[in-house]
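Visitor: Using the sequences and the accompanying hints, generate a full structural model.
Residue numbering for the sequence shown follows the numbering used here, beginning at 127 and increasing consecutively.
Source of the hints: derived by calculation from the structure; they are not laboratory data.
Pairs of lysine-lysine, DSSO-like flavour, derived with a Cα cap of 30 Å:
1) K379 / K275
2) K413 / K222
3) K413 / K275
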Amino acid sequence: MSVYTSVGRDELAGWLAPLAVGELTDLAGIAAGMQNSNYFVSTARGRFVLTLFERIEPAALDFYLRLMAHLAARGLPCPQPVATATGERWRVLAGKPAALLSCLPGRIEDAPDAGHCHALGDMLARLHLAATDLADAPENPCGAAWREKVGADLLSLLDDADRTLLADELAFQRAQDYASLPAGVIHADLFRDNVLWAADGSLGGLLDFYFAGRDAWLFDLAVVANDWCADAANLTALIRGYADRRPLSDLEKQAWPAMRRAAALRFWLLRLEAAHRPRQGDVVTVKDPLHFRDMLLRFRLAPQLLPR
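Guide: Okay, structure coming up:
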């Protein structure tokens, strides 16, 4: 999360009034993340997260907030949008669409072990299955079409080695048949900093659904594996936790090495775009694109097989 748009206390106090959350007592910007402006908001009735959406279209925002409410109603630990008496989940604040969400308890785990990964695998499968009855889900906003467009736009900005790597990987991904894989709503950004853990070690919260959309479920699993599974034990636990609830098909097992590459490519492109086309803001986080470029290089040299 980051802060691109500043919000004044008086302006926010007026915006909060229809939400019936009590008097504003504190407002603090959140520096982590890349896409939206985020604040912790404290009121007489508790602590919340305020998000101002910098580049999300209203129709997409309606879906993201509807998805979180849908999953929370089915028992998943997701932030719940706070709505007005007339059911509005977002309204304009400081010239941007904005929503207030419940602030989930827990902490981020920077060094997850196999227990964390097994629990997360199970939760990811629950998420996929719980969203199967959600109507009118849009396509993954950073899916294949986005990858082609952003990749083409960035090629001229890269050095020779990275340009060759990107062009070759785009061609490889273009040749894959992901359309035949089981699909549905995916989170698409379930990194370690988007999961909260309770004091007893249980999974307490899933955050940041603003890349969600319809795509192959396997892509979501690959995104998680790339960030959470630095060793074989974590990967085995993640896959078992997921597959115990939703077994993987033979096609998914065959596609796994290519999908690990697709997930690494997606985040290399996101970070390249942020680095080459930085956005202005009060508190802005730009993450190193080399991490995912180097991961992609490793996966190309040594295909990542599913654990037995």
